[in-house]
Amino acid sequence: AQRVTQPEKLLSVFKGAPVELKCNYSYSGSPELFWYVQYSRQRLQLLLRHISRESIKGFTADLNKGETSFHLKKPFAQEEDSAMYYCAPPLSGGSYIPTFGRGTSLIVHP
Amino acid sequence: EAQVTQNPRYLITVTGKKLTVTCSQNMNHEYMSWYRQDPGLGLRQIYYSMNVEVTDKGDVPEGYKVSRKEKRNFPLILESPSPNQTSLYFCASSVTQGTGELFFGEGSRLTVL
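As given, the protein sequences belong to chains A and B, one line each in that order.
In terms of my numbering, the first sequence opens at residue 1 and continues consecutively.
In terms of my numbering, the second sequence opens at residue 1 and continues consecutively.
For reference, chain A alone in the conformation it holds in the complex (with noise of 0.2 Å):
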């Protein structure tokens, strides 16, 4: 199965600070990643995925074969970034039960 870890559960940072979410992964195979993203009182959505390489709301995520990593990155954290943040696995790609890391809460204060 394809599994993720992220070790933090919380990460506290101030406003303008660099952010950086931790997310390892331990599947063989060509991976793709996906980080969604949950604010406060709302459904999980869809942040940004590996494939398509692109950066939302100022994140990125690059994926490192070699530490087998994808780590979500921001260069200076907003206020309105605190959420639960989540790595996954795709549906996709032989395994039908992406399972989730356990999410890290990000609280960026003023």
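Keep in mind that the hints were calculated from the coordinates and are not lab data.
Quick caveat: nothing in here was measured; it's all calculated off a predicted structure.
Be careful, since some hints might not be right.
Claimed, not checked - Here are some chain A residues pointing at chain B (derived, C-beta under 8 Å):
{"id": "1", "residue": "Lys9"}
{"id": "2", "residue": "Glu32"}
{"id": "3", "residue": "Leu46"}
{"id": "4", "residue": "Lys57"}
{"id": "5", "residue": "Gly103"}
In this text, a Cβ means the ideal position worked out from N, Cα and C, and glycines have one as well.
With chain A held as given, fit chain B onto it using these hints.
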């Protein structure tokens, strides 16, 4: 509008009183899934369905049932709810051949007294 709809959004019930949380999607997705979200534990999968009449257990299926009689609907059934099933539940759907992105419902907050 493409969406996943769950009902009810909020429910307070008592131990042992059967309840059903409905989930419906209008995107013709084959795959549907139920998750529960608990503080410190993240998202854990309860059951999933690859297509009509095909369901399988996720990581935490105990105390839950599901059915998939139609492609668009995937209800979650708690035959005899217990307090440890107090949680926030999310339904999600996706195509099985595609980007692999999951589309989530807004969540159903269930409290079992």
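Self-check item: Restraint outcome when Lys57/A is required to lie within 8 Å of chain B by C-beta distance
Solution: violated (17 Å)
Self-check item: Cut-off 8 Å, beta-carbon criterion: hint that Leu46/A touches chain B
Solution: At 5 Å from the nearest chain B Cβ, Leu46/A passes the 8 Å test, so the hint holds.
Quiz prompt | Restraint outcome when Glu32/A is required to lie within 8 Å of chain B by C-beta distance | solution = Holds, about 7 Å.
Exercise. Report holds or violated for the interface hint on Gly103/A, using the least CB-CB distance to chain B and a cut-off of 8 Å.
Key: holds (4 Å)
Quiz item: Against chain B, with CB atoms and a cut of 8 Å, does the hint on Lys9/A hold up?
Solution: Result: holds, 6 Å to nearest chain B Cβ.
Taken one by one, the earlier hints fail for this structure only at number 4.
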